[in-house]
Each structure stands twice: as structure tokens, then as C-alpha cells.
Amino acid sequence: MSPKRRGRRPDLFKVLLTGLTVGMTLTLGYQISLYYGAQVQPMAERVPTPSIVDG
1 MSPKRRGRRP DLFKVLLTGL TVGMTLTLGY QISLYYGAQV QPMAERVPTP SIVDG
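The sequence shown begins at 1 in our numbering and counts up one residue at a time.
Calculated directly from the structure, the hints in this document are not laboratory data.
There's no promise every hint is true.
What the hints assert, rightly or not - Now the in silico label distances, taken between C-beta atoms and shown as ranges:
id, residue 1, residue 2, range
1, THR27, PRO48, 50 to 56 Å
2, PHE13, ARG46, 56 to 62 Å
3, ARG9, GLY37, 37 to 43 Å
4, GLN39, LYS14, 51 to 57 Å
5, ALA38, ARG6, 47 to 53 Å
6, TYR35, LYS14, 47 to 53 Å
7, VAL15, ALA38, 31 to 37 Å
8, GLY19, GLU45, 29 to 35 Å
Please read all numbers here as calculations on a predicted model, not as lab measurements.
Just so you know, even glycine gets a beta-carbon here, dropped at the ideal spot from N, CA and C.
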């Protein structure tokens, strides 16, 4: 009787590259969705007056 093979272990470098690829893709997608999905912020209508400090 021959022992059964449990299969090959995945290469750690390939697992690392796959994880980095997925992470970068999710991050880039999130940044793009923020950039294109954001509404334009309104500009301030008036500037606050500077405080006068007597010396």
C-alpha cells in the first residue's frame, strides 16, 4: 500500500503576490469610487475677519 499524497502546499511567494494584488485592487477601486462619486464641496461665501491683537 502506498501512502496517499496530501497535495502540494501552495508557494508562499504566489500567495503573497495574490494577496498584494487583491489588496491593491481593492484600494485603487475605493480611491476611484471616492474621487468620482464625491460631490463638489461648496466654497465659503465669506471669509471670517481676522482678530485684532493689540501689542
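Structure versus earlier hints - violations, ascending order: Of the numbered hints given earlier, those the structure breaks are 1, 4, 6, 8, listed in rising order.
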